[in-house]
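There are 4 protein chains.
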Amino acid sequence: MGEVKSKRMPRAVRERQMLDAAVRTFGRRGYRGASMDEIADLAGVSKPLVYLYLNSKEDLFTACIRREAAALTAAVRAGVDPTLPADRQLWEGLLAFFTHTAENPDGWAVLHLQARTTGEPFAAEVHAMREEIVTFVTQLIGDASRAGRRDRELPLQEAAALAEALVGAAESLAAWANTTPGVPARQAAGTLMNFAWAGLGGLMEGRPWTPPERAQIPVAAG
Amino acid sequence: MGEVKSKRMPRAVRERQMLDAAVRTFGRRGYRGASMDEIADLAGVSKPLVYLYLNSKEDLFTACIRREAAALTAAVRAGVDPTLPADRQLWEGLLAFFTHTAENPDGWAVLHLQARTTGEPFAAEVHAMREEIVTFVTQLIGDASRAGRRDRELPLQEAAALAEALVGAAESLAAWANTTPGVPARQAAGTLMNFAWAGLGGLMEGRPWTPPERAQIPVAAG
Amino acid sequence: MGEVKSKRMPRAVRERQMLDAAVRTFGRRGYRGASMDEIADLAGVSKPLVYLYLNSKEDLFTACIRREAAALTAAVRAGVDPTLPADRQLWEGLLAFFTHTAENPDGWAVLHLQARTTGEPFAAEVHAMREEIVTFVTQLIGDASRAGRRDRELPLQEAAALAEALVGAAESLAAWANTTPGVPARQAAGTLMNFAWAGLGGLMEGRPWTPPERAQIPVAAG
Amino acid sequence: MGEVKSKRMPRAVRERQMLDAAVRTFGRRGYRGASMDEIADLAGVSKPLVYLYLNSKEDLFTACIRREAAALTAAVRAGVDPTLPADRQLWEGLLAFFTHTAENPDGWAVLHLQARTTGEPFAAEVHAMREEIVTFVTQLIGDASRAGRRDRELPLQEAAALAEALVGAAESLAAWANTTPGVPARQAAGTLMNFAWAGLGGLMEGRPWTPPERAQIPVAAG
DNA sequence: GATGAATGAGAGTTCATTCAT
DNA sequence: GATGAATGAACTCTCATTCAT
Numbered sequence: 000m001g002e003v004k005s006k007r008m009p010r011a012v013r014e015r016q017m018l019d020a021a022v023r024t025f026g027r028r029g030y031r032g033a034s035m036d037e038i039a040d041l042a043g044v045s046k047p048l049v050y051l052y053l054n055s056k057e058d059l060f061t062a063c064i065r066r067e068a069a070a071l072t073a074a075v076r077a078g079v080d081p082t083l084p085a086d087r088q089l090w091e092g093l094l095a096f097f098t099h100t101a102e103n104p105d106g107w108a109v110l111h112l113q114a115r116t117t118g119e120p121f122a123a124e125v126h127a128m129r130e131e132i133v134t135f136v137t138q139l140i141g142d143a144s145r146a147g148r149r150d151r152e153l154p155l156q157e158a159a160a161l162a163e164a165l166v167g168a169a170e171s172l173a174a175w176a177n178t179t180p181g182v183p184a185r186q187a188a189g190t191l192m193n194f195a196w197a198g199l200g201g202l203m204e205g206r207p208w209t210p211p212e213r214a215q216i217p218v219a220a221g
Numbered sequence: 000m001g002e003v004k005s006k007r008m009p010r011a012v013r014e015r016q017m018l019d020a021a022v023r024t025f026g027r028r029g030y031r032g033a034s035m036d037e038i039a040d041l042a043g044v045s046k047p048l049v050y051l052y053l054n055s056k057e058d059l060f061t062a063c064i065r066r067e068a069a070a071l072t073a074a075v076r077a078g079v080d081p082t083l084p085a086d087r088q089l090w091e092g093l094l095a096f097f098t099h100t101a102e103n104p105d106g107w108a109v110l111h112l113q114a115r116t117t118g119e120p121f122a123a124e125v126h127a128m129r130e131e132i133v134t135f136v137t138q139l140i141g142d143a144s145r146a147g148r149r150d151r152e153l154p155l156q157e158a159a160a161l162a163e164a165l166v167g168a169a170e171s172l173a174a175w176a177n178t179t180p181g182v183p184a185r186q187a188a189g190t191l192m193n194f195a196w197a198g199l200g201g202l203m204e205g206r207p208w209t210p211p212e213r214a215q216i217p218v219a220a221g
Numbered sequence: 000m001g002e003v004k005s006k007r008m009p010r011a012v013r014e015r016q017m018l019d020a021a022v023r024t025f026g027r028r029g030y031r032g033a034s035m036d037e038i039a040d041l042a043g044v045s046k047p048l049v050y051l052y053l054n055s056k057e058d059l060f061t062a063c064i065r066r067e068a069a070a071l072t073a074a075v076r077a078g079v080d081p082t083l084p085a086d087r088q089l090w091e092g093l094l095a096f097f098t099h100t101a102e103n104p105d106g107w108a109v110l111h112l113q114a115r116t117t118g119e120p121f122a123a124e125v126h127a128m129r130e131e132i133v134t135f136v137t138q139l140i141g142d143a144s145r146a147g148r149r150d151r152e153l154p155l156q157e158a159a160a161l162a163e164a165l166v167g168a169a170e171s172l173a174a175w176a177n178t179t180p181g182v183p184a185r186q187a188a189g190t191l192m193n194f195a196w197a198g199l200g201g202l203m204e205g206r207p208w209t210p211p212e213r214a215q216i217p218v219a220a221g
Numbered sequence: 000m001g002e003v004k005s006k007r008m009p010r011a012v013r014e015r016q017m018l019d020a021a022v023r024t025f026g027r028r029g030y031r032g033a034s035m036d037e038i039a040d041l042a043g044v045s046k047p048l049v050y051l052y053l054n055s056k057e058d059l060f061t062a063c064i065r066r067e068a069a070a071l072t073a074a075v076r077a078g079v080d081p082t083l084p085a086d087r088q089l090w091e092g093l094l095a096f097f098t099h100t101a102e103n104p105d106g107w108a109v110l111h112l113q114a115r116t117t118g119e120p121f122a123a124e125v126h127a128m129r130e131e132i133v134t135f136v137t138q139l140i141g142d143a144s145r146a147g148r149r150d151r152e153l154p155l156q157e158a159a160a161l162a163e164a165l166v167g168a169a170e171s172l173a174a175w176a177n178t179t180p181g182v183p184a185r186q187a188a189g190t191l192m193n194f195a196w197a198g199l200g201g202l203m204e205g206r207p208w209t210p211p212e213r214a215q216i217p218v219a220a221g
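Protein chains in written order, with numbering that gives the first Met the number 0: chain A, 0 to 221; chain B, 0 to 221; chain C, 0 to 221; chain D, 0 to 221.
Just so you know, these hints were derived from the structure itself, not from any lab.
For each residue, glycine too, the CB sits at the ideal point set by N, CA and C.
Treat the hints with care, as some may be off.
Stated by the list, open to error - Facing chain C, according to a computed beta carbon distance under 7 Å, are these residues of chain D, among others:
#, residue
1, GLY29
2, LEU51
3, VAL133
4, PHE135
5, ALA160
6, LEU161
7, GLY167
8, ALA168
9, GLY189
10, THR190
11, TRP196
12, ALA197
Unchecked claim - DSS-like cross-link-like pairs, simulated, lysine-lysine; straight-line CA separation at most 27 Å:
#, chain 1, residue 1, chain 2, residue 2
13, A, LYS46, C, LYS56
14, D, LYS46, B, LYS56
15, B, LYS56, B, LYS46
16, A, LYS46, A, LYS56
17, C, LYS56, B, LYS6
With the sequences and hints as input, model every part of the structure.
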């Protein structure tokens with residue numbers, strides 16, 4: 000015996016196989032470049048079964064987006080301890096984010112590259128997830144601001160713009176880290192944390208942000 | 000009277016019309032989502048003429064990428080005065096970049112969103128342009144570092160990673176500024192300049208980077 | 000009732016229908032003149048199904064050539080008894096050849112007219128089959144020569160050239176017999192056999208080749 | 000000085016250039032495979048000029064057929080001396096035929112391969128020319144028959160069928176001689192003359208047809 | 001007389017999607 | 001529950017043909 004012909008599997012399992020195949024195919028070929036044939040083949044099922052379970056290409060893509068978005072936000076949430084100070088929370092969130100995207104490159108490609116370029120029904124889906132993260136970061140920045148010097152608290156809109164920049168930088172660095180060999184998640188997170196917290200100015204003046212516990216987080220390599 | 004049927008135009012003019020239409024269509028629909036029919040219609044010509052002048056969909060897309068990449072780098076180069084100090088150069092470059100992308104949203108979409116997701120022949124084309132910019136920013140960071148405190152000069156690899164983060168942040172902010180109404184190029188550039196130069200830490204401690212001339216560049220609104 | 004919509008047939012049957020339609024269409028219109036639409040219509044199926052089963056126009060044409068070439072050589076081989084003397088073998092081969100081409104005019108047109116004019120991938124396919132036949136005839140001529148007067152055995156090259164002429168004459172006569180009404184296969188074979196074996200000189204001197212069994216094979220009609 | 004831009008040529012010359020280009024292109028690509036663009040390019044003129052002079056692709060192809068057919072029949076006619084005995088006339092005709100087709104391979108391809116496979120308006124054009132030649136050969140065979148033994152004169156229909164076979168063999172040998180290197184026109188004509196006049200039987204019994212002294216065959220070279 | 005500019009019509013091919021079994 | 005059979009619609013690309021200059 001063996002799994003040569005593993006027919007008659009419970010629906011949930013089959014569905015997961017299909018989504019796995021779809022995420023991989025959409026992530027590499029894009030929405031239009033991916034064909035239902037290829038996805039069905041990769042999932043090891045017939046095409047009509049894909050339609051029976053997932054209705055249409057649109058629905059299938061949406062299901063991929065939702066699953067991957069949920070997985071990413073869950074991973075980040077799970078990595079952050081909300082009782083810690085803001086900078087520590089940010090550090091942990093970044094670490095979780097870079098780790099998850101590195102481990103799920105196809106899922107990340109679906110979210111970051113493909114869903115955003117394929118047009119409205121899908122872009123909105125991703126936008127919602129992103130908004131959640133940006134809001135979280137905005138709050139973090141606000142908290143840190145209040146906990147810092149009292150002279151000048153950052154107004155909300157300013158904090159939002161900064162959160163946008165920070166999240167954008169993280170997204171770009173994730174793509175860069177996934178593409179460039181030898182750049183682990185921890186290092187990407189370190190680079191960005193330094194950049195964000197100390198700024199170029201601070202870095203050049205020898206005042207880097209210092210990560211917790213593991214004393215040395217090198218900015219790039221060395 | 001009336002330009003109802005403005006036929007028979009010199010080749011150069013028609014070609015520009017076609018590229019304009021193609022950039023707009025590719026930018027909004029993506030490479031595969033765009034149809035040559037739609038492009039020809041939008042350009043006001045017949046499909047065969049598009050093929051006569053631009054050869055194929057691939058060639059047309061490549062021509063779009065090249066034109067837009069050249070326009071963007073030209074705009075940034077024109078905006079920067081290489082005799083100024085590094086932070087001023089960065090500021091001017093960002094301003095030029097945000098201004099140009101705001102004025103050419105479709106061109107920017109082609110470069111940033113579509114070309115990178117459509118696969119190798121095209122992604123490489125954009126990668127070359129981006130590399131040029133990243134190198135420029137890396138040098139800027141290096142220069143600033145050498146001009147600052149001598150205690151610790153940033154190593155090249157560190158500067159490169161920071162440049163990557165900075166460029167990535169700029170790219171993301173450009174998309175954000177183009178999408179969010181009421182965020183002009185100047186403000187996007189200001190936010191990013193502050194973020195990069197002072198860092199969140201610096202900002203929260205009331206040490207923002209101060210832009211030249213026009214005394215106050217508020218981070219977000221104001 | 001009625002077979003108005005006889006859908007859902009097994010693949011093998013559909014494939015044969017498609018090949019039949021393709022042979023007919025290619026035979027009459029030529030490779031380029033035939034459209035996949037027409038072939039699909041004639042086969043009673045939709046175009047995508049033709050592509051699903053036969054891949055491309057090129058592959059479809061190649062499949063036609065192979066099928067018809069195999070059928071023709073099989074028919075000739077089946078008609079010839081290799082234990083008989085050379086002239087009897089030639090007679091039987093010609094008879095089988097003219098009979099088969101008369102019964103499959105479209106297949107013969109594909110092989111003789113269309114495949115040879117459509118360019119290299121296809122011409123080579125037919126050339127191989129023809130070579131087989133020419134070789135067979137060359138051997139026959141050589142055998143007959145050895146069995147005849149010993150004064151002068153035909154050298155191989157001469158036999159090959161004669162075989163070429165004989166096969167060429169047969170091909171031309173096949174087209175003529177197929178086009179001219181009232182010229183049955185048996186008569187075409189008789190004419191050629193006389194021409195080949197006795198030559199014009201022998202015929203005019205009243206020394207025709209005499210076919211076996213059925214005493215009288217008239218040269219043309221009568 | 001210099002023919003760099005040899006514009007403004009008399010119509011007759013331009014037309015000949017176009018026909019030359021057309022014969023070459025049609026001969027190699029076939030009617031449908033040849034594009035008016037390629038023909039105009041090869042002729043060194045613009046496409047509208049081709050249309051101005053030759054009206055349409057159909058007309059152009061017809062013009063090619065007519066010109067090449069006229070040239071071929073003229074060459075054969077010029078090679079034959081009608082005062083000689085029948086076998087000598089046949090020999091001279093074959094020699095002229097093989098010589099002309101060897102010297103005009105594209106023209107021969109248009110007549111023999113392309114025009115016959117492209118469908119009715121064109122096939123009829125070639126058929127007429129061929130009929131002329133077949134009739135000529137039929138007469139030759141009849142003459143020879145009457146001049147030979149009186150026992151049995153060949154009936155007309157028999158002579159016609161033999162003429163058909165002879166012409167068919169000649170056509171096939173022409174293609175073979177043009178394709179096979181090292182087979183000059185004289186040899187092809189010799190092979191066929193032997194085949195036709197003596198027959199395989201006669202050849203094998205050592206009674207070949209003997210060509211006239213080489214001296215007075217001025218058809219090809221000398 | 002000669003041509004650059006332009007197109008209507010149709011070709012091969014692919015794909016998301018649905019029955020009938 | 002699962003699939004082999006089948007298709008409507010759309011897409012890229014080409015070609016013969018014609019104006020306007």
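If you test the structure against every hint from before, which numbers come out violated?
2, 3, 4, 9, 17
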